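Starting from the known structure of chain A, arrange chain B on it as the hints suggest.
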Amino acid sequence: MSHTNESGLETNEQLSDEQLFGHLSEAETVDLSRRERFERALDAYVLAPGRVAWNDWRTQVGIVVISLFVFFGTIGPRLVTAPGTNQAPNNLQPFHGGIAALWEEGGWIDFGSAHELSVGAISIPGFVIRFPLGADNYGTPIGRNLIHATPDMLEMVVAGALVSVGLAAIFGITAGYKGGKLDEFLMYVTDVVMTMPGLPLLIVLTAIWAPRQAWLVGVVLAIDAWPGLARALRSQVLTLRQESYVEASRTMGIPSRTILSRDISPQLMPYILINFANAGRQVVFGSVALYFLGVLPFTSANWGIMMQTAYSEAHALVNLSNFYQIFWPMAAVVVLSFGLILFAQGMDRVFNPRIRARHAKKVGSDEEQLN
Amino acid sequence: MRYFAKRMIHAVVTLVSVTTVTFALFRLMPGNPAQAMRAQFESDMEAGGGTADPEVLDAMVEQHTGFDPDQPWYVQYFEYLQDIILYQDFGHSYFYNEPVFDILFTAMPWSVFISVYGLALGYTTNILLGAAMAYKEGSRFDSYMTVLATFLNSVPYYVGAILFLAFFGYELGLFPTGGRYNTSLEAGLNVRFMASISYHAVLPIMSSFIVGFGGGALSMRGNSIRILGEDYLRVARLRGISSPRIATRYVARNAILPLYTQMMIGIAAVFSSSVLLEFIFTYPGVGWYTFDAVMRRDYPLLMGSFLFFTIVTLIGILIAEFTYGIVDPRIGSGDQSESY
Numbered sequence: 001m002s003h004t005n006e007s008g009l010e011t012n013e014q015l016s017d018e019q020l021f022g023h024l025s026e027a028e029t030v031d032l033s034r035r036e037r038f039e040r041a042l043d044a045y046v047l048a049p050g051r052v053a054w055n056d057w058r059t060q061v062g063i064v065v066i067s068l069f070v071f072f073g074t075i076g077p078r079l080v081t082a083p084g085t086n087q088a089p090n091n092l093q094p095f096h097g098g099i100a101a102l103w104e105e106g107g108w109i110d111f112g113s114a115h116e117l118s119v120g121a122i123s124i125p126g127f128v129i130r131f132p133l134g135a136d137n138y139g140t141p142i143g144r145n146l147i148h149a150t151p152d153m154l155e156m157v158v159a160g161a162l163v164s165v166g167l168a169a170i171f172g173i174t175a176g177y178k179g180g181k182l183d184e185f186l187m188y189v190t191d192v193v194m195t196m197p198g199l200p201l202l203i204v205l206t207a208i209w210a211p212r213q214a215w216l217v218g219v220v221l222a223i224d225a226w227p228g229l230a231r232a233l234r235s236q237v238l239t240l241r242q243e244s245y246v247e248a249s250r251t252m253g254i255p256s257r258t259i260l261s262r263d264i265s266p267q268l269m270p271y272i273l274i275n276f277a278n279a280g281r282q283v284v285f286g287s288v289a290l291y292f293l294g295v296l297p298f299t300s301a302n303w304g305i306m307m308q309t310a311y312s313e314a315h316a317l318v319n320l321s322n323f324y325q326i327f328w329p330m331a332a333v334v335v336l337s338f339g340l341i342l343f344a345q346g347m348d349r350v351f352n353p354r355i356r357a358r359h360a361k362k363v364g365s366d367e368e369q370l371n
Numbered sequence: 001m002r003y004f005a006k007r008m009i010h011a012v013v014t015l016v017s018v019t020t021v022t023f024a025l026f027r028l029m030p031g032n033p034a035q036a037m038r039a040q041f042e043s044d045m046e047a048g049g050g051t052a053d054p055e056v057l058d059a060m061v062e063q064h065t066g067f068d069p070d071q072p073w074y075v076q077y078f079e080y081l082q083d084i085i086l087y088q089d090f091g092h093s094y095f096y097n098e099p100v101f102d103i104l105f106t107a108m109p110w111s112v113f114i115s116v117y118g119l120a121l122g123y124t125t126n127i128l129l130g131a132a133m134a135y136k137e138g139s140r141f142d143s144y145m146t147v148l149a150t151f152l153n154s155v156p157y158y159v160g161a162i163l164f165l166a167f168f169g170y171e172l173g174l175f176p177t178g179g180r181y182n183t184s185l186e187a188g189l190n191v192r193f194m195a196s197i198s199y200h201a202v203l204p205i206m207s208s209f210i211v212g213f214g215g216g217a218l219s220m221r222g223n224s225i226r227i228l229g230e231d232y233l234r235v236a237r238l239r240g241i242s243s244p245r246i247a248t249r250y251v252a253r254n255a256i257l258p259l260y261t262q263m264m265i266g267i268a269a270v271f272s273s274s275v276l277l278e279f280i281f282t283y284p285g286v287g288w289y290t291f292d293a294v295m296r297r298d299y300p301l302l303m304g305s306f307l308f309f310t311i312v313t314l315i316g317i318l319i320a321e322f323t324y325g326i327v328d329p330r331i332g333s334g335d336q337s338e339s340y
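Those protein sequence lines, which keep their order, are chains A and B. Going by full-length UniProt numbering, the first sequence opens with residue 1, and the numbers climb by one from there. Going by full-length UniProt numbering, the second sequence opens with residue 1, and the numbers climb by one from there.
This is chain A alone, in the form it adopts within the complex (with noise of 0.2 Å):
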């Protein structure tokens, strides 16, 4: 491990070896060093963990998964009409017209050049869909009141994985390094909101004061998410602060800030991006419980708000040619928090020292040659 080589601090120390051995003249090396750093930075950082991340088929499925949601909730609404009653016949059912449509005109599928300029969803030249996923009892279709959810979920799902997991960093690294007395009252903080009931607590907030923004509803949900994360990486700081290069930073008087930020958290990185995506996971689960239940306002669009449609006006669990209604919100919830799941396991690999050395390569190997 390289990392002390990166920081700032070493590179006069470096510098002045250099010198002492005469190997390199001087506007060289700092020349080299600053790129050679940025290379070894990306090295370190992106690339080695990305290729070893990528060898598994978990982190594949994952990054497809996720890259999916991520087109939908971006380019998907610019490509998808907005959603609106009486679009579609009433209790349309998913994939009319069976696999027969696939050939005969009408049903949820039509080819032939006659449609480039249909009215239909998607409209790609030579073939049409036509609201594949059904409309609930309004006429709305299914599929485009999906997709038009999805911004407003992966805002939910960015802001409230961000604000988890820098409440987790700060609260988790500082009580792991610092130890004493401030560990002791930041995991009295932590265990004391572990303790209290999330989801009666959301109910509780929302109760009082309802977030209207998607963005504040992540970040009211993130409340919830952090204190399990915060344990978790202080144990892991734990370990890390025994590290004979942390405590020689620290014998050399180097403020605790700067370790923490340059010793500590780099370490911890890909630990902290597993954990972004499971936060970003409970954010999810915690979201759609709270539309599904109408405690929250329905001001932004939500696979809740429709599985609560569904629930309470179509009777989706009592009559079942209906289920599709509630069914379809459900799948993307499951879809995406899988593909969630699925990249966080594939990236704790990245963590495995062994399978890590083997990719390590390139930039990092010809550091024995110049120290």
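Think of the hints as simulated: they come from the structure by calculation, not from any bench. Every value quoted in this text rests on a predicted model; they were computed, and no experiment measured them. What you were told as hints is all true, and nothing was included just to trick you.
Each pair of labels, with its calculated beta carbon distance range:
1. A:VAL189 - B:LEU318: 18 to 24 Å
2. A:THR81 - B:SER143: 41 to 47 Å
3. A:ALA210 - B:GLY178: 24 to 30 Å
4. A:ASN319 - B:LEU128: 34 to 40 Å
5. A:ALA210 - B:THR106: 26 to 32 Å
Backbone N, C-alpha and C define an ideal beta-carbon position, used for all residues, glycine too.
Relative to the frame of chain A, chain B by itself:
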């Protein structure tokens, strides 16, 4: 003994902190429920043709919330704490017109019943399945179960509950779709009544099981595999200790430890989940009353049920911590690390 005392003090301090949070939410925030209730009473009285006397309004708010809005906040806070901790007075329900404590106290056993069974079944499955997967590491069974466990992990418990209710409840008619027991039966300690209770609890417990199941099986598998590679296990084999003894005493015991702490965190999650589960299965426990209170804007009941959830969770965690000593004999040896 110091360990237990410390845990007890910790629990009490946590309870006081949570009560402070509810008090702050309840009373100090702008546009808080106490003010909202007062406005509600005022409009009710004016709609009835009378004029709203501020003192009468204050008295009504006091009757429902347990504190006098005219007093300074620290006096209110003190009285609030005193009421809850000494007199178990959680206020008066606005809608049911009954003390909140009475409503929730009768509802609580039902929630605990569902949650405890869900948690116990979930973690038992975690341990057994994880151990089996570790034992057959690398086999087809292991890889299939790993994928299956990962997939189940991404199904939220309420999705499971909806699927169970739609198919086992409504479509196949195998299980009742709501309620706690058959109301036509005579309540009491008779076999038919008990059978009715468990019959009604099957679907909620199955859904609660999903919460407990979580990712535990995978972490049990990981723990067991890590321990299987330890040196002391090889030594134990060389000493000729029998395989069952190694499996239970050496592997299982050490592999369960991290799972046990995970379960302590899980207790809060399981009790939380009962809000949604009881809503889906119309099962009148504390969770159902929480939902009901939000819908009716019955703030005393809402705050009370939140406190109830916290207390039940705290008791659950205390029990888990006290029994932790059975699994891990090292407790209380306090590895205090040096502080920088």
